[in-house]
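A.B. asks: Top line first, the protein sequences correspond to chains A and B. Take 50 as the starting number for the first sequence in our numbering and just add one per residue. Take 94 as the starting number for the second sequence in our numbering and just add one per residue.
Check before you lean on any hint, since a few could be wrong.
In silico EDC-like cross-links for lysine to aspartate or glutamate, where the CA-CA straight-line distance does not exceed 16 Å [what the hints assert, rightly or not]: (1) A:K79 x B:E384; (2) B:K488 x B:E417; (3) B:K405 x B:E225; (4) A:K141 x A:E124; (5) A:K67 x A:D155; (6) A:K67 x B:E225; (7) A:K141 x B:E361; (8) B:K405 x B:D529; (9) A:K141 x A:D123; (10) B:K405 x B:D212; (11) B:K534 x B:D247; (12) A:K67 x A:E124; (13) A:K141 x B:D312; (14) A:K67 x B:E361; (15) B:K534 x B:E254.
Bear in mind the hints are in silico, worked out from the structure with no lab data behind them.
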Amino acid sequence: MTRIIELRQIAHARAGDKGNRSNVSVFTYKPEDFPLILTQVTAERVKLHFGHLLLGEIQRFVLPQLHGINLVMDEALGGGVNESLNLDSHGKSWSFLILSLSIELDGEAPPSSNYDN
Amino acid sequence: MSQKRTFRVGTGAGFSSDRLDPAIDLVKRGQLDTIIFECVGERTLAFGHRDRAADPGLGYNALLETRLRALLPLCQAHGTRLITNMGVANPDAAAQLAVRIAQELGLNGLRIAAVTGDDVRTLIHDESPLHEPSCTVAETGRSILGANAYLGTDAIIPALEEDAHVVITGRVADPSLFLAPIQHHFNWAANDWTRLGAGTLVGHLMECAAQVSGGYFADPGYKSVPNLAYVGFPIAEVCADGSAVITKLTDTGGLVSTQTVKEQMLYEVHNPTAYLTPDVTADFSTVNVSEVSADRVQVSNASGTARPDQLKVTVAFDGGYLAEAEVSYAGPGAAERATLAADIVRDRIRKVHDVHLPCRTDLVGLNAIHELEPSKDLDIRDVRLRAALRCNDRKAAEALLWEVEALLCCGPAGGGGYRGRIEPSVLTYSTFVKRDQVTPKIEILSV
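Let the hints inform the model, and build the full structure from the sequences given.
C.D. replies: Now the structure itself:
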């Protein structure tokens, strides 16, 4: 059976900005969960989900030894910190928007529910 | 101190308004060789130019005096060098202020260096090409506030060779502030790309201060950070090969973990194989991050290739005004009443005031940041309407504030708590200049 969880349960993230480009890095807490973000947190998926806000190209860089990915999203910030009328003109909150994506788990062994330190 | 195998560098500030108490603690207890205060962003620099235009004696960081009064005596007592870009748009004036403070405090023998040469306003002309969006200076139709090249370690190292105790710069690439004393200490060659890449990683991890030591990290229930109210600022213990341990003082809040280090490693990074600075094209893609012990994380195996041929320049323009105004609605039907108020503001700003600029309205608490559709099931009982526009004409800014305030009597029922403000706005664009067009200079002032 398939179980759906929020990405936030298996991964942590941070957003940064440069001009009108946002980047969000996403790392799984556990190495064994890394394949889940590799296959499910793709540039296409992010574009599909947030395309109304992320108007440009999305690139994804993979850092396997850190169990992380870096999403680089163009035309993402309404013009960037100088021009945007968004309260969060840096787009700092993009990390948690990405962490709201759903992740499908296959099989019977769900990941540990407690990912706190 | 006994012979040391590592070079100890700490961060005293990671942005212009960063806290002071963690920096004081670091110098007192950190046995630091050097402490860095990184306080310049593109926007702070633009506002620095605005300040300097209004008063030729200003244009440096507003907290410079507060920070130096607290730290210069401690740095002298502990033999810690202080390097900072708090000169912002006026390093000479900042260095003169530092001299006055040192004299008042009786800190004899202090050598204070001002690093200049980043101001390249004279190289920028009407036809200079700008990037993102691409246009020329003339096509912006705006007046230039200032233009600054990102200087690298080669601008700072001459001051270190002159034994300056305090180094005050304007625009220097953030990681270069850290790399300069590391490169100088270990005597790395200016084309030792591998080590310069490794040292740039250290600088990049450290440049936002607490963001690597537990700040900007806590997510209750998922990521715990002990004693975040008193988060300690970071220390890097750098080895001769460029690898380093990132740590913090004992008995401070926060934490240094592989998670905090990894998040900061990619902060504002795009392609991890090509992080461009004036010093090197750093490659973070092969970095190893491992926890040595509690609050001690080792980073190794960063590398790099040749530095970019050109220097990046930020050109700042006057951006007119940003006007923002808010009013609250609470209780049953709050969201519906706030939505009606928003429609009224957008309608009247166009029709009554003839302002046809984009006017954004948000319902704070509902959909303000990402324009997401709120769930219909939510029983919203507290929402704040926020309206915003950017304009060159101050009258348009005042019209927005007027319309939102007028909702108090003329708008939907129960609106209250009006606030409005008009702030100067700046625009920043990038361009590039040849290295040989930029000449860094140092001036040493002795106390």
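A.B. asks: Taking the hints in turn, state whether each one holds.
C.D. replies: Hints, verified against the model:
1. The hinted pair formed by K79 of chain A and E384 of chain B meets the criterion: a straight-line CA distance of about 15 Å does not exceed 16 Å.
2. For the hint pairing K488 of chain B with E417 of chain B, the CA-to-CA distance comes to about 13 Å; that is within 16 Å, so the pair holds.
3. Only pairs whose Cα atoms come within 16 Å are accepted, and K405 of chain B paired with E225 of chain B is accepted, the gap being roughly 13 Å.
4. For the hint pairing K141 of chain A with E124 of chain A, the CA-to-CA distance comes to about 15 Å; that is within 16 Å, so the pair holds.
5. Simply put, K67 of chain A and D155 of chain A have alpha-carbon atoms about 37 Å apart, too far for the 16 Å limit, and the pair is violated.
6. The straight-line distance between the Cα atoms of K67 of chain A and E225 of chain B is roughly 10 Å, inside the 16 Å bound, and the hint therefore holds.
7. For the proposed pair K141 of chain A and E361 of chain B, the alpha carbon gap of about 11 Å is at most 16 Å, so the pair holds.
8. With a C-alpha separation of about 13 Å, the suggested pair K405 of chain B and D529 of chain B falls inside the 16 Å cut-off, and the hint holds.
9. For the proposed pair K141 of chain A and D123 of chain A, the alpha carbon gap of about 15 Å is at most 16 Å, so the pair holds.
10. Between K405 of chain B and D212 of chain B the alpha-carbon distance is near 12 Å, which keeps this suggested pair within the 16 Å criterion.
11. With a C-alpha separation of about 10 Å, the suggested pair K534 of chain B and D247 of chain B falls inside the 16 Å cut-off, and the hint holds.
12. Distance hint between K67 of chain A and E124 of chain A is fulfilled; the C-alpha atoms sit about 11 Å from each other, no more than 16 Å.
13. Simply put, K141 of chain A and D312 of chain B have alpha-carbon atoms about 14 Å apart, close enough for the 16 Å limit, and the pair holds.
14. Distance restraint check for K67 of chain A and E361 of chain B: the Cα-Cα separation of roughly 7 Å lies within the 16 Å cut-off, and the hinted pair is therefore satisfied.
15. Distance check on the hinted pair: K534 of chain B and E254 of chain B sit about 13 Å apart at the alpha-carbon level, within 16 Å; holds.
The structure does not agree with numbered hint 5 stated previously, though it agrees with all others.
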